[in-house]
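Protein chains in written order, with this note's numbering: chain A, 1 to 314; chain B, 315 to 628; chain C, 629 to 942; chain D, 943 to 1256.
No wet-lab data here; the hints were simulated from the structure. Values in this document were obtained by computation on a predicted structure and should not be read as measured data. For each residue, glycine too, the CB sits at the ideal point set by N, CA and C. Errors might be hidden in some of the hints.
Said to hold, decoys possible - Label-pair distances were calculated between CB atoms; the ranges are:
1. D/E1072 with C/G902: 24 to 32 Å
2. D/K1247 with C/E868: 17 to 25 Å
3. D/S949 with A/K2: 46 to 54 Å
4. A/E131 with B/I540: 36 to 44 Å
5. A/G48 with D/K1015: 24 to 32 Å
As the list claims (entries may be wrong) - Distance condition first, Cα-Cα at most 25 Å in a straight line; then the derived SDA-like pairs of lysine to any residue:
6. C/K932 with D/Y1086
7. B/K541 with B/E383
8. B/K618 with A/R133
9. A/K289 with B/L556
10. A/K11 with A/P57
11. D/K1246 with C/V769
12. D/K944 with D/I968
13. D/K1024 with D/R1075
14. D/K1247 with C/E759
15. A/K289 with B/K399
16. D/K1027 with C/V915
17. B/K618 with A/I95
18. A/K304 with B/I440
19. B/K496 with B/A401
20. C/K649 with C/D846
21. B/K325 with C/V817
22. B/K396 with B/T319
23. D/K1231 with C/F743
24. C/K917 with D/E1073
25. B/K325 with C/K649
26. D/K1247 with C/S765
27. A/K47 with B/R591
28. C/K917 with D/Y1077
29. D/K1247 with C/K639
30. B/K543 with C/F743
31. D/K1247 with C/K649
32. D/K1171 with A/P57
33. D/K1231 with C/D804
34. D/K944 with D/R987
35. C/K701 with B/R364
Number of protein chains: 4
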Amino acid sequence: MKRLTLSMQGKLNYAISPFNKPTLRIKPGETVVVETEDAFSGQIRSKGDRRDRKAMPFVNPQTGPIYVEGAEKGDTLSVDVKDIKPAIGQGATKIPTSWYWYLGDLGENPALSRFLELKFPHGTRICPIEENRVYFSDSIVLPYEPMIGTIGTAPEIEAISSYLLGSHGGNMDLPDVCIGNKLFLPVRVDGALLHLGDVHAVQGEGEICGTAIEMPADVTLTIDLIKGKAISWPRIESQEHLMAVAVSGTGRTLEEAIRIAFMELILWLEEDYGIDRWDAYQLCTQVGKVRLGNLWTVAAAFPKKYLSGTSLKP
Amino acid sequence: MKRLTLSMQGKLNYAISPFNKPTLRIKPGETVVVETEDAFSGQIRSKGDRRDRKAMPFVNPQTGPIYVEGAEKGDTLSVDVKDIKPAIGQGATKIPTSWYWYLGDLGENPALSRFLELKFPHGTRICPIEENRVYFSDSIVLPYEPMIGTIGTAPEIEAISSYLLGSHGGNMDLPDVCIGNKLFLPVRVDGALLHLGDVHAVQGEGEICGTAIEMPADVTLTIDLIKGKAISWPRIESQEHLMAVAVSGTGRTLEEAIRIAFMELILWLEEDYGIDRWDAYQLCTQVGKVRLGNLWTVAAAFPKKYLSGTSLKP
Amino acid sequence: MKRLTLSMQGKLNYAISPFNKPTLRIKPGETVVVETEDAFSGQIRSKGDRRDRKAMPFVNPQTGPIYVEGAEKGDTLSVDVKDIKPAIGQGATKIPTSWYWYLGDLGENPALSRFLELKFPHGTRICPIEENRVYFSDSIVLPYEPMIGTIGTAPEIEAISSYLLGSHGGNMDLPDVCIGNKLFLPVRVDGALLHLGDVHAVQGEGEICGTAIEMPADVTLTIDLIKGKAISWPRIESQEHLMAVAVSGTGRTLEEAIRIAFMELILWLEEDYGIDRWDAYQLCTQVGKVRLGNLWTVAAAFPKKYLSGTSLKP
Amino acid sequence: MKRLTLSMQGKLNYAISPFNKPTLRIKPGETVVVETEDAFSGQIRSKGDRRDRKAMPFVNPQTGPIYVEGAEKGDTLSVDVKDIKPAIGQGATKIPTSWYWYLGDLGENPALSRFLELKFPHGTRICPIEENRVYFSDSIVLPYEPMIGTIGTAPEIEAISSYLLGSHGGNMDLPDVCIGNKLFLPVRVDGALLHLGDVHAVQGEGEICGTAIEMPADVTLTIDLIKGKAISWPRIESQEHLMAVAVSGTGRTLEEAIRIAFMELILWLEEDYGIDRWDAYQLCTQVGKVRLGNLWTVAAAFPKKYLSGTSLKP
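Next comes chain A alone, as it looks inside the complex:
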C-alpha cells in the first residue's frame, strides 16, 4: 500500500489547483494512506498557542495533489474512505478572533469586525483523543466520528483557496465524508489532481464556531475512476443514502444550493435508476433528507431502500 507522508509531500498547498505539482502518482483502484496536517497548519498544539497574524488565507493546508493515471476531463473520480486515524492523539478547536464565520464576511477582510473593533474570547481548547473518544472537557466526552473537511479535484483553470468551496469540492466540512462512504468528484484536468486535508475528529452540522476538533491524521483511501461519466457537483454514497452535494456562492444562496442539490439528486435518480424526474421530484419531497456541512454546504439525500420499487407511476 502506497503512503504519501508529510515528509514526501514537503510543502503543503493552500489552494486546490491545476498548478500544483503531483506528489504521488497512482493507478485507478489503488489504496493509499495520506498524511494530512490540521487546519491550523499545526500551530495550535497546546493551550496557549495562537495562530500567527498572517493566518489568512493560509488555512486548511492540503496534501497532494495525487495524480490518477488515465483520468481525463469528463471522467468521475471515486474516493472510498477506508480509515481515518488521529496522528498525534489530540485535536484542537477555537473561536476565531475576527468572527468572520458569524458575520457574513468569509474572507480575509472582515469589515464589520474592523468597523466595530470586536474582540472575542480566544477559547483555544485541546482535546485528547483515545479509543474512539474525544475528551472535550472533564465532564463531556464526545464520540470519535472522523471526517475529511476539505477534499477536491483540481478545477480546469482556477486555483481555489482551500478555505473556499465549489463544484470541485474543497472546504465542504460534510460529516458524511467519513469512513465507509464513497465520495464522487468531477475530473476536470488530466490526472484529476486530488487534494485533501482539514480532518476533523468530530463535527456538528453547520460547524458554527468555524473550527471543529481539528487534527492531523492518517487517511486511508481507495481511489478509482469512472471513465466517460461526468458529474457537475460532488456526490456521496453511503450504506443508506445517495447524496448530491451543492454549495452556496456568488449568486447562489444556501437555499438555492439546496434546490440545486435536489435537482442533481433527481437527475441522478432518473439517469441511473430509471425514475422519471417528475416522479422523483414528488418522491424526494416526501422522503428527502438534507445534510448540512459548514454554513455553505448541503447534501440532498435519498434513502436507498426506496430504490427497490420498480414503477413509480401512480
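The hints should help you fit chains B, C and D onto chain A, whose structure is shown.
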C-alpha cells in the same frame, strides 16, 4: 376531552392573526382534539381535481384560534403533540403549476413564471393511508410519519398569511412538529390565540415540490402555559433533542436563520442549563444538528445526552 | 382641498391592514393634505431624547387609511406627490442601539446583539430645516429633498407591520417617492385603503444606519384610480423614468428582487409600449438603472427618452 | 507611450492569477495602451454567429498581466482610465441560451436549465458604433459610454476565473470604471499583475441579460503606485464621488456587500478625511448613493462636495 370540529369552527382562517375570533377556549393543561382541513382547502380529493385559479393567498386554512385562559404577552405556550390521525384515509400531493417554490418568488406574483410562460406537469397524486402506511404508488410505500405543517400563535399587531412564517411559527413544515414532541411558541396577545392546519402524512426535509402528502386530520394536543417566560422564536423538545427554530425572511437568509437558531439554542443552554455561552458555542459546533423544514425553516438541535455533564470548563 | 389632520386621525396605525378603519373618504381625482407623524412616533424631539424600550414593533406610525370610492381588487391606485412640508421645522436621526439594521436580523429579536451584548453610541442628532436646507451639523448643510418613507395599500387578508414591506408597498424608503413623481400601487380591497407616514427630509440610498432625517410632515397628494388595470408590484413614473419596484423577503434575496423589478419593467414596456419582451430585455441591459431604497427595496428604471423609437427589431 | 497589442500578448488569459506570465513591464506613472478582446473571445462578429459549446469557463479573456515595477503586497495600484476606443467599429450582445444569469446558478452547470430543459431565443444583435453613438436598432440609438467590464490584480495564491469577481476586482461590470475615473486595486503579489478585458460600449446597471454591448477595444491607462497603503476592496474616485466597491460571494449576499461597501467607505472617510466613523455613518445614511455593476457588484458612493466641511460634531 374537548373537540374543536370543523363544523364548530365554521369559516377557516387564512392568516394567523389577533383579529380572528377564538373558536374554542381552554384552560392551561387541557387536552383537545382539533380537526384540520388540508392545505388545498379540500379541493384535491381525486386525481382530476385542480385548485381554482384564485388559490393564492388562500392556502393552508387554519383551525382556531384557540384561546388559552391566562396567557399574556411575555408568556410561552407549550403544545404537546399527542396524536395525529388522517381524517379521510388519504392524502394528496402535486407540483405547483406556477412553481414559485423553485423560482425564488414566494408569493402571489411569480414574475419569472409569467416572464417565461412556464408550464409544468400537474402531477396530482392521491395516496391512500392505511395502518401506518402511505401508498405513494403501486410499488412505493412510505411510512406514516404525520406532522403539523402550519401552527402558530397570533402576532401582536400583524395578521400573517398562513403560507408565510415568522417568529410566531406559521408555515414551518418542520417534520419535528410530530407525535411525542413538544412545541413552544411565544405568547404575544391575551389568550395566545393558537392556530393550526396543513397537516402532512409524511414529508421530507426541504419539501421541495411545495406539497407534502397533504391531508385533513384530527390532531390531539395538550396545551399548557409557562407564565413569565418569554422566548423570541419557537422551540421544540423531543426525547433526544432540544431544538431552536428560526426562519429566513426580509434581510435574513437561510444561512442567517441557521446562525440565529444556534444563537437561540446556545442562550437556552446558558439560561436553563447553566452552560456558559462560549462553551456552549464550541460544544454545539461539534455535536449540533440542523433540521430543515421547508426551504425557509431550520431547527438547530442539541442532543440532550450531553446535558448530564456538570462542568464544561476545559 | 380636504385635509386629514393628526387630530382627525386620532390613533395612528402600526400595520398596513384591511382591518384599520378609514379616517378619510375621498373620490378618485381628489387632492388631499395628509399630516404624518415621524418614524419615532414623535419621541425624539431634542438631543437627549430616547425611544422607550417598547419601541418595536411600534415604528413608522401611519396616517389613514384613506378610502378611495370605487376602488376594487384588480384596480391600480395612482398617487401623485404634489408637496411635502416639514411640520415642525426640524428632523432627527440616530443610530439604533440594537443595530438590527446591520446585523441581518430585521425584527424584534436581534439575536446577535443579545449574544454579543453589543452597545452602540446613541448618536441622536437634531437637524433644523429651513428654506430648503437641512442643517446636519455646524459645517454640513444638506439639501431638502423630502420623500415618503412608508406608503402602501391594504393587503387582501394580511396586516403587515409598518416597518416591513412587500408588494403592497410599505416601508420602502425609496427617495423616488418624492415631489413631482407618481406612485402606482395595487388595489386589493374595496377602497384601496391607503396608509402613509415615515417622511424623510433627505435620505441616501441604502439608508444604512436605519434612520434618515425623520420628520413629521404635511403631505399633499392627488389620488386617482385606474379601473380594471392590475399591477403585481408598485411602480413609479417620474419626468425621466419608468420605475418598477420589488423588495426582498422570504425566499427572495435583494438580487432576486432586482431581477423581479426588471421583469416587471420589461412586461410593462411590452404591455403599454409595444416593445417585445426579449427586445426590452436586451435594451434594459444597456440603459437600465437601479435605485435602492433601504437595504430591502429596489426600483429598476427605464429612461423614457428611449420610448420614442418605433421599432426595436434589429 | 507603450502599447500592449493582442499580437504581443499572444495567448489571452481566462483567469486573474499570479501564475500568468507578465506580457508587459512598466514603471509606476507610465501611460499604456492596452488592446483587449471582447467577452465572447471574438466569436460573435456577425448576426448568425454562435459561441462554441465549450464556452464556459472561457469567457472574458484578459490581456496582461502588466507587471508594475516596485509593487509589493500591501501597496495599492491606481489605474487612471484615459481613453477607451472601439477596435472594430461595432459591438455585440445576446441572451445566453442557458440563462444562468437569471436562474441563480452562476457557473458552468446551470441545474435548473437542465432540469427544465429551458430554451431561449438566441437574440444575437450586432451594433455599429460611430461618432459616440451605438446603433442598437433602426430606431434606437444609444450613447457611447464605454467602460471596462473586467479588471483586477492577481490574488496572492488563487487563480480566479475571469467571469468571477472578488476583492481583487475581476468581472465587476461597473459603469464607473470609465474614462475620467481612477480605480484603486489592492496589490497582493510582486508587480501587482494587472489584468483587463471585457470592455463594453455601454451598459446599464445590473447588466441583466448578461451581455452588454461587448466590443474589442484599445484602452489607455495611466498606472501608478501608492506605496505602503493597503486597501481591502477596490475603490474608485470620480470628479464627484468617492466610491468603495464590494461584491457578493460565498456567505455574502448582495445586501451584505452593500453594507461592506459602506463600511469601507466610512473607514476611508475616517482615515483619509478625518471624519469620525459614527458621524460618517450618519452622514452616508443621508447622502450616500449606491451604484450597481452586474448583479453581484456594488459601489457605495459619497459626494465629494460634502468633504469641504471642517467639523461634523453636532
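> Which numbered hints are broken by the structure, listed smallest first?
Replying inline: 23, 29, 31 and 34
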